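Peer 1: Here's the letter readout for the chains.
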Amino acid sequence: EAGVAQSPRYKIIEKRQSVAFWCNPISGHATLYWYQQILGQGPKLLIQFQNNGVVDDSQLPKDRFSAERLKGVDSTLKIQPAKLEDSAVYLCASSYGPLGVIGADTQYFGPGTRLTVL
Amino acid sequence: QQQVKQSPQSLIVQKGGISIINCAYENTAFDYFPWYQQFPGKGPALLIAIRPDVSEKKEGRFTISFNKSAKQFSLHIMDSQPGDSATYFCAATSNSGGSNYKLTFGKGTLLTVNP
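Quick note, the sequences are listed as chains A and B, same order.
Under the numbering used here, the first residue of the first sequence carries the number 952, and numbering increases by one thereafter.
Under the numbering used here, the first residue of the second sequence carries the number 31, and numbering increases by one thereafter.
The following block holds chain B by itself, in its conformation from the complex:
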């Protein structure tokens, strides 16, 4: 089964610090790597995504770093704020056969940013 392995399971960061969450995958057919943010009682929301033709993508305080040869990608949250406290999921897509793609999610990282 296609898998995306996410670490750490939980992370505690001080306000203003850098939060780093890592994901690794095996399937070289994966070609779209989104990160989702989920607050308690809410559905996941797309935060930032990258395609394998670039090694880095930055949107505000959020950056994805992508290492195609190592089959790893990571989320960096700069200047972490208490409002960033949430569960973060990495995901990847591949063609599941025919023309359809589907998302495979990691198990999630619970980020707590202390004030």
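Pulled out of the complex, with its shape left as it was, chain A reads as follows:
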């Protein structure tokens, strides 16, 4: 079974530039998550999709971050404009079902995109 795919793996940009990350979840997984992992910290949930609908985006800085999951499969996360504090690894994860659905809620993470904002 193929894992969660993410691209690019690395990205370096200047502050105030824009950047986009792409994620392709495991086939058949309805739930998709984007996390931000700052160096030395645990992942922090940015946004959660159930199929193509947003379930939770309470921690997404909506003035600069946006995400979409068209057709309920792959997803893109965009930052515009980027700030220095956005330097982090952006992780995508997917699960068959949402958390709380026992037996279907294990999250599988992709390798992440390391973003450096200069």
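Zero decoy hints are in this set.
Chain B residues, not near chain A, derived (Cβ > 10 Å throughout):
id	residue
1	38
2	41
3	87
4	91
5	92
6	97
7	100
8	104
9	113
10	114
Derived lysine-lysine pairs resembling DSS-like cross-links, with alpha carbons at most 30 Å apart:
id	chain 1	residue 1	chain 2	residue 2
11	B	101	A	995
12	A	1034	B	72
13	B	35	A	1034
14	A	1013	B	137
15	A	1029	B	72
16	B	72	A	962
17	B	137	A	995
18	A	1034	A	1013
19	B	88	B	101
20	B	35	A	995
21	A	995	A	966
22	A	962	B	137
Residues of chain A clear of chain B, computed beta-carbon distances all greater than 10 Å:
id	residue
23	959
24	978
25	1025
26	1067
Simulated from the structure, these hints should not be mistaken for laboratory data.
Just so it is clear, the structure is predicted and the values come from calculations on it, not from any experiment.
Built from N, CA and C at the ideal position, the CB exists for glycine as well.
Once you have looked at the hints, place chain B on chain A.
Peer 2: For chain B alone, kept in the frame of chain A given last:
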């Protein structure tokens, strides 16, 4: 803000020894406690998880001990191996309102197992 406090920040263990990582939480609504293992350049991977209806869960060399009254849970790695060297994150979930749950992660423990 809901938090999970993890300690120690780093841990060095000799091969064959026992590694112990601890986590504490405040929110009594947390009801699922997974541990994730992360190798450099990789995403976290679920290692083992426990729900609060049991006090201990064992899978191979990995054991979670859960103390509901103390609001603490810990990961024990028996017979630690150099291949176990990684960053370990504890996490917890609760209903964030309505029907949705989300994971709250600790800050991680960097485990180094010396040969």
